[in-house]
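J.: For the sequence shown, our numbering gives the first residue as 1, with consecutive numbering after it.
Since the hints were made in silico from the structure, they are not lab data. Heads up, a few of these hints could be off.
To be verified - Here are the simulated SDA-like pairs of lysine to any residue, each with C-alpha atoms no more than 20 Å apart in a straight line: (1) Lys-110 with Met-194; (2) Lys-110 with Gly-35; (3) Lys-110 with Val-74; (4) Lys-110 with Leu-88; (5) Lys-171 with Thr-160; (6) Lys-110 with Ile-18; (7) Lys-171 with Phe-36; (8) Lys-37 with Leu-163; (9) Lys-37 with Leu-142; (10) Lys-37 with Leu-109; (11) Lys-171 with Ala-151; (12) Lys-171 with Ile-18; (13) Lys-37 with Leu-113.
What the hints assert, rightly or not - Label pairs and their in silico Cβ distance ranges: (14) Ser-202 with Leu-141: 36 to 42 Å; (15) Leu-88 with Ile-7: 40 to 46 Å; (16) Val-52 with Leu-14: 18 to 24 Å; (17) Ser-172 with Thr-135: 22 to 28 Å; (18) Ser-191 with Val-4: 41 to 47 Å; (19) Asn-140 with Ala-8: 18 to 24 Å; (20) Ile-168 with Val-74: 31 to 37 Å; (21) Val-81 with Ile-7: 36 to 42 Å; (22) Ala-195 with Leu-16: 16 to 22 Å; (23) Lys-110 with Ala-201: 26 to 32 Å; (24) Ser-202 with Asn-140: 34 to 40 Å.
Note that the structure is a prediction, hence the values are computed from the model and not measured. The beta-carbon is built from N, C-alpha and C at its ideal position, and this holds for glycine as well.
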Amino acid sequence: MTTVSLIAFTGAMLVLAITPGPGVFATIARAMVSGFKPAVFVAIGIVAGDLVFLLLTIYGLTALALHLQSVFLVIKYVGSVYLIYLGLTLWIQTPEKSESPSTPERSWLKNFLSGLFITLGNPKVIFFYVSFLPTFVELNLLTNADVLMIASVLVGVLGTVLLMYGYIASKSINLFKSPKSQTVMNRMAGSTMMATGAFLASKS
1 MTTVSLIAFT GAMLVLAITP GPGVFATIAR AMVSGFKPAV FVAIGIVAGD
51 LVFLLLTIYG LTALALHLQS VFLVIKYVGS VYLIYLGLTL WIQTPEKSES
101 PSTPERSWLK NFLSGLFITL GNPKVIFFYV SFLPTFVELN LLTNADVLMI
151 ASVLVGVLGT VLLMYGYIAS KSINLFKSPK SQTVMNRMAG STMMATGAFL
201 ASKS
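Please construct the entire structure, taking both the sequences and the accompanying hints into account.
T.: Okay, here's the thing in structure tokens:
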């Protein structure tokens with residue numbers, strides 16, 4: 001893999017990463033309600049899912065993904081229902097007057113899994129990589145070092161962009177201290193989560 005190809009791939013990944021999608025919306029919603037740290041684990045889950053599909057593509061395992069399509073379909077609906085459930089929970093929650101967000105913290109694992117489900121729930125991502133990667137590299141000529149570089153770019157670029165969105169969104173917490181304002185923020189975040197879940201469930 002040449003330096004020029006690596007730079008071009010990095011630039012393309014950056015453009016794709018900053019384009020708002022389900023992963024971005026879920027990260028923002030979690031950051032708005034619970035702060036930056038929980039959003040970090042959501043972002044890690046999203047990146048992990050993309051990394052799985054990237055490696056399946058590189059190693060020519062698209063057929064395996066097709067074979068496991070029913071498994072991914074279950075993951076998609078479980079993830080969609082889970083996101084909608086989280087959104088509804090935020091909608092019905094009654095905030096208390098406090099100097100910190102009143103939303104009960106979920107464990108890092110639950111945040112991670114919610115992010116992972118968002119990506120793994122859309123197995124068509126692998127077909128995106130199948131058509132996207134050959135534009136920059138010849139898959140059959142990649143060395144282990146090349147794979148490591150490509151994976152590092154994906155993790156670095158996608159992770160950084162998601163964390164940036166999450167950090168900016170987490171700052172909105174300081175603007176919503178009163179119960180009324182917290183209710184508005186919770187419903188905004190809840191609506192985002194429910195919309196993300198519905199979007200994933202509706203994708204063919």
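J.: Hint by hint, note whether the structure agrees.
T.: Now the hints, each set against the structure:
1. Lys-110 with Met-194: holds (17 Å)
2. Lys-110 with Gly-35: With a Cα-Cα distance of about 15 Å, the restraint between Lys-110 and Gly-35 holds, given a limit of 20 Å.
3. Lys-110 with Val-74: OK: Lys-110 and Val-74 at ~17 Å, within 20 Å.
4. Lys-110 with Leu-88: Holds, because 16 Å separates the two Cα atoms, which is no more than 20 Å.
5. Lys-171 with Thr-160: holds (17 Å)
6. Lys-110 with Ile-18: violated (24 Å)
7. Lys-171 with Phe-36: holds (8 Å)
8. Lys-37 with Leu-163: holds (10 Å)
9. Lys-37 with Leu-142: violated (36 Å)
10. Lys-37 with Leu-109: holds (12 Å)
11. Lys-171 with Ala-151: Measuring from Cα to Cα gives roughly 30 Å; hence the hint is violated.
12. Lys-171 with Ile-18: holds (19 Å)
13. Lys-37 with Leu-113: OK: Lys-37 and Leu-113 at ~15 Å, within 20 Å.
14. Ser-202 with Leu-141: 36 to 42 Å: Since Ser-202 and Leu-141 have Cβ atoms about 39 Å apart, the given range 36 to 42 Å holds.
15. Leu-88 with Ile-7: 40 to 46 Å: Given about 44 Å between the Cβ atoms, the range holds.
16. Val-52 with Leu-14: 18 to 24 Å: For Leu-14 against Val-52, whose Cβ atoms are near 21 Å apart, the range 18 to 24 Å holds.
17. Ser-172 with Thr-135: 22 to 28 Å: violated (37 Å)
18. Ser-191 with Val-4: 41 to 47 Å: Since Ser-191 and Val-4 have Cβ atoms about 43 Å apart, the given range 41 to 47 Å holds.
19. Asn-140 with Ala-8: 18 to 24 Å: holds (19 Å)
20. Ile-168 with Val-74: 31 to 37 Å: holds (34 Å)
21. Val-81 with Ile-7: 36 to 42 Å: 41 Å Cβ-Cβ, so the 36 to 42 Å window holds.
22. Ala-195 with Leu-16: 16 to 22 Å: holds (21 Å)
23. Lys-110 with Ala-201: 26 to 32 Å: The hinted range 26 to 32 Å is violated for Lys-110 and Ala-201, with Cβ atoms some 19 Å apart.
24. Ser-202 with Asn-140: 34 to 40 Å: holds (36 Å)
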